[in-house]
Structure formats: structure tokens, C-alpha cells
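With these hints in hand, go ahead and build the complete structure from the sequences.
Protein chains in written order, with my numbering: chain G, 1 to 472; chain B, 1 to 289; chain V, 1 to 375.
Check each hint, because a few of them may be wrong.
Stated by the list, open to error - Result set (DSS-like, lysine-lysine): computed pairs, CA atoms no more than 27 Å apart in a straight line:
id : chain 1 : residue 1 : chain 2 : residue 2
1  : V       : Lys333    : G       : Lys392
2  : G       : Lys236    : G       : Lys247
3  : G       : Lys116    : G       : Lys73
4  : V       : Lys316    : G       : Lys393
5  : G       : Lys417    : V       : Lys300
Unchecked claim - Pair ranges (Cβ atoms, derived):
id : chain 1 : residue 1 : chain 2 : residue 2 : range
6  : G       : Leu261    : B       : Lys259    : 54 to 60 Å
7  : G       : Asn276    : B       : Pro169    : 49 to 55 Å
8  : G       : Thr420    : B       : Lys233    : 45 to 51 Å
9  : B       : Lys259    : G       : Ser178    : 42 to 48 Å
What the hints assert, rightly or not - Partial pick of chain V residues on the chain G-facing surface, computed with a CB cut under 10 Å:
id : residue
10 : Leu105
11 : Leu108
12 : Ile303
13 : Arg325
Everything labelled a hint here was simulated from the structure, so no lab data went into it. In this text the structure is predicted, and so the values were computed from the model without any measurement. Glycine included, C-beta positions come from ideal geometry on N, C-alpha and C.
Take a look at the letters that make up each chain.
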Amino acid sequence: MSAPNCLRCLGRRPSTATTVTAAGRCAPFSTTAVNGNVPMRAKTPNPMAKEIGFRSGARLTIKKKKVNHNEGKAPAPGERKAYRKKIVLSNDNALPVPWLKNMNAEHLASPQSAGKVLSLPSELQDQLRASEAFQPSQNWGFFRKPSTLVRTETVDLVTRMQDSASEKKTLRLVVTGSKLVGKSTMLLQAMAHAYLNGWIVIHIPDAQELVNASTEYGRIPETEPTQYMQPAYALKLLQAIKKANEKVLAKINTVSSHPELPQNIPVNTPLLTLVNAAKEAEGAWPVFHALWSELTNPNANRPPVLFSLDGLSHIMKMSEYRSPSFELIHAHDLAFVRLFNDVLSGNLKFPNGGAVLASTSRSNAPRSPSMEISLAQRKAEQAGAAPEELPKKEPYFKGYDDRVEAVLKSVEVMEVKGLTKPEARSIMEYWAASGMLRAAVDERTVSEKWTLAGNGVLGELERASLLTMKYF
Amino acid sequence: MPPRLNILSSACKALARGVTRPVTVAAAPHQQQQNAFLMAAARRFSDNTTSPTTPPGQDDSVLHPSMFPQNQQSDHQIALSKLEMVAYGLNPFDVSVDGHKFGLPELPIPSEMHKSYRYDAVVNLMTKLLMKDGKLAKAQRDMTLILAYLRKASTPKLNPARPLVGYAPAPEFLPLDPVMYLRVAIDSVAPLIKIRHFKGMAGGGRALEVPAPLAERQRRRTAFGWILDAAAKKKSKGSGRTMFPHRVAEEIVAVVEGKSSVWDKRFEVHKRGTAVRANLNDFRLKTLM
Amino acid sequence: MASTANSLRLCLRTSRQTSSAVSPLLRRALSTTTARCGMPGNTSYLTPTGVTKSEIPFYNQTFQDPSEYLQTVLKDASASPRDKQRAQQMLKAWEEIPIDQKRELQQLTKDAQNEMVPLRRHMRTRPTQFWSAHEQDPDLITDEIGEDDFEEDDIMAGAHGKLEEHREYREYARIAVWEMPLLANFAKKFEPPAEGEVLRFRYTSYMGEFHPADRKVVVEFCPRDLDLTEAQQLKLCKLAGSRYNPEKETIKMSCERFEHQAQNKRYLGDLIAKMITTAKDPTDTFEDIPLDTRHYKKKKNQISFPKEWYMTPERKAELEAQRKRSLMIDTQKRARHELVDGVQMIEAGIAEMEPVEELVAVKRGKAPAARPLRR
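Next comes the structure, spelled out in C-alpha cells:
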């Protein structure tokens, strides 16, 4: 329809204005801007430009709503972690259990106390707390007094400890078992026995802290292969040892002088003084080393030593630390781990007997195939399997570690299993008497909870009866 | 498709019948009787768990005496079974119980026995209100931690100015019954009414405020909503997944102790409701009704 | 244009009427039929019987336009004088047509021919085709002419389809009822393999159809069934490599290298024989190489309950005894008041606690003066 008009337009003569401006300077159908030969104008500052910018008129400005993030004081550094790691050992609401007895030195080793619940005396509580034997994930805070169930496994373990101490041997044992079954509690009971019987206890509560590159480290000179010390951890451990073993350490004296220490520690100084010599992280490792040499000195009369560690698989792999050539350091090259492994493998013995206990962890544990296979082999050996019947390594798997296998070559393995029903009944009666289980503890209830807890896994039993939404 | 399937299946049925028919015809009538008897015997057998299970013998003609259910129990066993009934809280001489292993169920079946009503009504409602993004298991774990916190929290010191609900037990009793603790806290601050707003009915574009009563569930829901709001405004003391339930639990303790701001909210609602109660008789509302 | 075409048609019609008994094999412009006679040396395709190649006029010739044809007629000695005369007339008429119209006609003929070439090409069915790809779909509605016209004398096409469907169901139902029972006649009793029958072969048949996989033969056997020592068995497993299944302890091999099933089976048989001889060879027992089972992944979610969980009469009796024992324990404990009841313990514990005076809300300030009662 518009064609005639358009044709007419084309027919019309172009206006002069366009010919003058466009014809000479730009191509007929170009979309490029004309930018040549425009007479330059002197730059005169526009008085308006300053105030309203290039485009005049009102502009939309969106103000950001101010969010007040810090209402109140933020927790100080470390406060949150302290709250998370806080361990509460008593609950005033819980009813006192009339039949509850305090644990004494003989209780844990006697078969009569198997299946009974015993409470920890307050001094022992402090000792265990100092060595971080309690864990925040355990449910100590439900009851008036921290108490533990003495299991047949406990009696077995403690008896073995006692025997090895009396024979001046070193018990080397690894506690294994499925998740939440009570491996750490088993360590705690062993430590309780040791404290009650005047042993010296060195406990590494979480092996992860040794290897995850969270504490400072440094080379120990004149060691081949190079070993690494962890001074900050050494200080922490020394303080824990001091706090937990104060009475015992005050009684025993040094048998050799320690010239390598800056402080003058003459012979016949109480070990407590030696431990006190470590005030800062800097000199902590030599002090620990001196203490260790005192404890393992074959000529001295020392009480038995318990060296325990939780989370074995952490130290059975490469650590997160780096060597000067930026290669990962094997965990066994760290001095602490090395000491532990020396005892665990049997290369080093406590002269007056003792025990070295390690427990595996199932909740936060890296896989260590060598450790798994070694422990399985040891277990099979203990069960009386012939050498050819032992679990075999995967022939084509490359992740095995010979150093780990060398350490675990001759350890004993104790597998913690679920509670038996009488044991479950015993602990549930304790819960009910504390007012934390609102039910009659008869065989039916026990059986129900025991089954719900995967055949008596203690942690699951707690979940089924204490940490539940259903209170009958 | 369905017709095809139907026809095919009926055809197959017909086929099956065609195959089986000669067999049934061939079977002798007396054998059939025997078979039925055998089957009945076997069934009765499997119902009775105490007697030993031996499979029916190959010889159809003679039944082994051991295959019959044993009717003669020893006196000792009877006594034990009666004892068992006592243990399960049943009357040993109840006619309806006798002959049932666990007795007849109580009818109508109590709500706790139903899988959807396993938990106390308040706990159940609160758990659902705690839930975010449909993660019920997480909400249940949080509720578990709340209840655990309530058991461990020290005995609440009651504020006489903020009286708890009538059925509240002594404060010493509360931590030992955390569900009761929760229920008391919630029912104590639950508002009796809400204010309904009728848009523009008060004249001049203002809304007409009218108090309206709430049902029990609505009251609890409102109260727990307030508690959750107050807990959200609190600051965590630590870190980790237990912090949220801990804040909620702290707020619940604060409610029982009369320190919580939720009490003010309740008071405000009630005050407002009292002030506008005259609006219930408003003529403009009557035109609405 | 139209007049030209008409005239041409008329011309041709006359020529057809007058042509000799043997029609010339002139390629028609709009034909889809294959021009078979055009192929040199292909005498068997001659349509009229008894006529040889030399006898057919214009054999092996294609004409571009009528004039060409007419001129050949004129030159042909065998043509009758009457024919020639007609041809002369037609040629004259042709020449009277303007040149551009002629050219147009020629172009048209050429185009049409070009288009017809692919249609005329002979469709050959290959004898060995994959499954039944060459078969036509009988359900396909074919000739699309007048399809949508409805004459009011029939049911609709959809209904026809439905009927057809029902016929199909009935056909299969008839087969199911009448023919399938006859399959029972072919049933054979299962006989477990005998002692010597170690190899288990699997063949594939596609019911007479050709298929590339029907030549495949699979053999499976257990090394333990062979007459070998332990070490030899192990060597055989190592030789088999990834064909060894460590869970079932079998070796499974297949062959489809050769064209026929029998050849493949023969090959497998020979191979197994060779493997067994190698396994028996004591020079190298492969002791230094561990058995590689990395190729085998155990299936997940294989639920296997422990043997102890199976309900046996002994187990039942044991459980029964256990229940009775636990019942006795409870009864005795109840009688001796030793049974711990959580609720009772709590109540007792609360009762032991020192009673705390109940707090009462009191308003601050003076107590209100007692008002006299109004009567």
C-alpha cells in the first residue's frame, strides 16, 4: 500500500542539507559515526555538569538497607570451641542412685564387678578430665555422678594390664569394634584402673591433632631418618600429665641428670619438678624427652606406665605435615607417634611393666588399609587360625604401608562387641534409677531396647532410651 | 492396552484350566478329602509355635500321631503362660485373652500405637514446626536435643508473676519429665485469642479488630512460633549442630522461669483483645455474618 | 503452448494407429517403468517372445523429439510407403511449429526424463537383510487417494482400526488356547549334566532370521570340574584372566570370530583344550603371579542373613526357654521388689526432696483494704 508513496519519496530530490553534510564525508549507507574533520571546540567547563552529571534530571538511587550484623558482643576467639567441647559430668536433676558404689583400685579387675555400674570418685574424675578421657559426644551429663558399666571385656582388659604389670611386661593391645560400641569408654576404664593403682598415664585423646598439621613442628637435629617434634603439643601433653599424675610424679625421682635441658635438674629431683621445667612450648620437647627417658630407664624403680591413644588410624598414614623438600611426612616420622609406635611394636618396653593401648575410631577416621588388614590378621591369629588361613592382602592393591604393618605385627587385638542382655539390664536399671528412663526395666523393655540398639551397641542403646522423643 | 491384557490373561487362565482339569478329574475323591485334612492339620500346626514342626509325611493314608497338635500342656507350662500374661499386664483369666499369645488389642487402638502418632501430641506438633525444608529427621534430632537439654538444665525458678498452667507439676519434677516441661512451657504462654482484622471496616480505611478464640492446637502453634522467633534472635554461644536446639531449649526454660519476651507478646494480645472486645457487637460485622 | 502439445499428441496418436505390429520401445516421458531393453547385451529382458534384438526397430535408441523419430521412420527401409507418407506429413507439421516452442518441448521432455530416472531404478531386495527391515509395514495406510472422502456407507477409519485391533487380540487368544497347549508335546525332562559334561555352551537363535549375533557361542565351565590338581586349576584361572569369576569360580568365554556357530564352537573347544594342556604344563606354574580379580566387582546390596538367624526347631526351643527364663527373672524381681521402675523412682525421689514453699503472686504496695460486704 505504501509503495507509491515510497516511490514518490525516491523520486524526490534529496534536500541540500543532507548532501552538504553527508555526501562528501561518509559512505552512503555506512552506519559508522562521522568523526573526522569536525572542528574542535575549546573545552569549556559546563557549570551544570558538575552538579547533575551528563544526564540531567532526578536519578533513582537505591540505598542498601543496613543490616546490623553484630548485635551484642561476638564470642571471643576460642569461646565457641570451648562451649562445643565443654564436658559436663553431673546433672543435679538426676536422682541419686542408692546402690551406686565408688570405684576403687580392685573393682575393675575383679570378675564380681562385671555387669555392675560403678561411679568414678571425684579425684579420679579430675584426673580423667585432665587427660581428656571424657568426650563431649558421650552422655555423662545426664546423671548425678559419672559412672560406667563394668563389662566382662573391661575386666578382661584390666586383668591383662594387671598381669603384665606384675610380670613387668608391656601389654600391647588395640581396641577395635564397631561404631558407638564403647571403645573410648574402654580406654577410659583402663585409665581409671591405672590411676587408681598408681600408674603413670600418658593419654593422647585424639591422634588427629598430632597429624593434621594444626600444631607447630620442627626438625629434631641429628636424627636419621629425620624426625619432627611438636613443641606446642608437647607442652599441652606435659601439662596434662602433670595435672593427672601429680601425686605419683612427686614421689619418684630422677636417676640421671639432663644436661641438655636449660634448667639444672640434678639426680634425685622429683619428676614433677622435671615436668614443671616446661613453661613454654620452646623447651617442651626436650623436657618430654627427658621425662620419657626417665620413665623408660631400665635401672630405675618406676611405677607401671599406661600409654594410650584414641583414633589409631590417624597415625597409620601420611601426616599433613611437609618436609623441607615439600613432601608429606609419614606419621611415623613424628616424634610422638614414633614413641608410641616403638612401644606398640614391642621395640621399646617399659622396664617396670605397663601397657600401651590404642583404640580405633569409627566416626572420624581415615582409611588405613594396612592397619585394617593387620588387625584382621592379628584377630584371626588370636582365634587360632593357621598362617595360611589369615586374611590376605589384595595382591594388586598399591595403598599398603609396610611401616604400619611392621608396627602392628605382634599386637593383641580386642574387639569390643555389644552388651549382653544382663549388662544392658544393669545399665538400664541405673538409668531408670537416675530418673532418666521413665519405664519399668523388665525383660521386655530391655530386650526391646537391646534389639533396637543393634544387639546391644551401647551408644545406640543410649540413643534408643535416653536421646529419644518418646518417653513412654 | 488393557483389553489386550485382559484377553490374553483370560486366555492364559483358560489355558491353565485346560491343563489342570484332567488332573483334578483324575484325583480320587477320598484322596481329596485326605489332602484337605492334611492341609488343615499343617496349617494348625504352623499356627502353633510351641510344638515341633515336622513336614507332613509322604504317606497320605496314615497320619503320624505327632502331627496332631498337642492339647495336653503340663501344669507348669500353663502356670508360666498365665504368669506371662500377668507380666504383660493382662488378666490371666480373661476370656478374650485366653488363646491369644498377646491378647486382643485394646479397641479403639490407642493413638500411641499408631505409627503416625508415636509421639506425644505436643512433641509431634513442635517437631513439625521445627522442620525446615521437609527434613523431618533433622527436626526430630533437634527435638531430641531440646528434650535432652531440658533434662540437664537446672530446676527452673518460677516467677510468681508469670503463673504456669494449672496442671504444671512442681518445678523439681519438670526436668525429669521433659515432655511435660515442654508442654507446660507452651501451654503457659499459649494465647487464648487472636485478633482478626477486617479490612477498612472500622471506617476511614482502618481495619476493624475483633478478638477470636483459638483452638488448643492453634494456641500451641502460635506459642511455639513465638518461642522459635525468640530463639532465632538469640546468639549462639558455641558452634555446631546442637546450637539451634540449645537456643530453643534455653528459650523454653526462660518461658517457664517467666523471663522470656514471649510472655509480653501473650500479654499484648490479650490486652488488645480485651480492648477491642466491644467490636464483637459491631453492626458492620453483623451484616457480614 | 497448449496448441503445440495438442498437435503433438494428435500426431503421435495417428502414428501409433498406423505403426507396425511391433511397437517401438520409445521411452515415454512420464513413465516409472524401468527401461530394461536399453541395456546392451541383456537379451533376456525382451518382452515379446521370439523377437530378437536385431528385429526390434529403434532398439537402443532414445529420441529427443518427434522429428528425429519421424526421420528414422523415413530412412527405415522396412517401413511401408504409407507409413513413410504419414511420417512425411507429420514431419512437415512439426517443422511448422515455431522454433522456441520446439525448444521448450524438448526441454520439458528432458526435465521429465531426468526426474523419472530415480523412480525407474529397479528396487532389488537383498537376500540377507538385518531382521525384517525390508518388509513393508502392513499397517501403513497406503495409497492416500480419496482417503478422507467419507461415503456414508461405512464405519469410520478409527472404528476399522479398533476392529482390526480386536481381530488381533482374538487371533492371539486363539493361538494361546489352541496352539500353545501343543507346545507341551515338545517338553523334555530336565536332565542334569553328567559327570563328564563339564562345558556348558550357550547358543543364540533368532528363529531363522539372520542376525549378526546368532553365530556367537558362549562357554562356561568350572575349573574344579576338570581333572586338574589345585595348582593346575589356579594356573588355569590365571590364564583365563578377566574371564574368571571369583565369586562363582567359573570361567566364561565367548567367540563370534567365525561365520558359523559350529566354527565358533570348535574354536572354543580347541581353546579350552589348549588352556588345559598349558595349565598341566609343569615348566611354569605361574606361582609368582597372584590371581588377579580386580576385574570383578561384587554386586552391592546383596543381603545375606547370618546362618544363626535361620529358624530351626532347636533355635525355637532355645528362644522359648530364653523367654521363660526372662519371665521368671521378672517375676522373681517383682516379688522381691527389686524391679526398677523409672516412674516410681522419680515419684519416690520427688517425695524425698524437701518441700519448697509455693510462691504466690503478690501485688506491690499495700494490701487492699477489706471492703464491707454489701447486703
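If any of the earlier hints don't hold here, list their numbers in rising order.
Violated hints: 1, 3, 4, 10, 11 and 12; rest satisfied.
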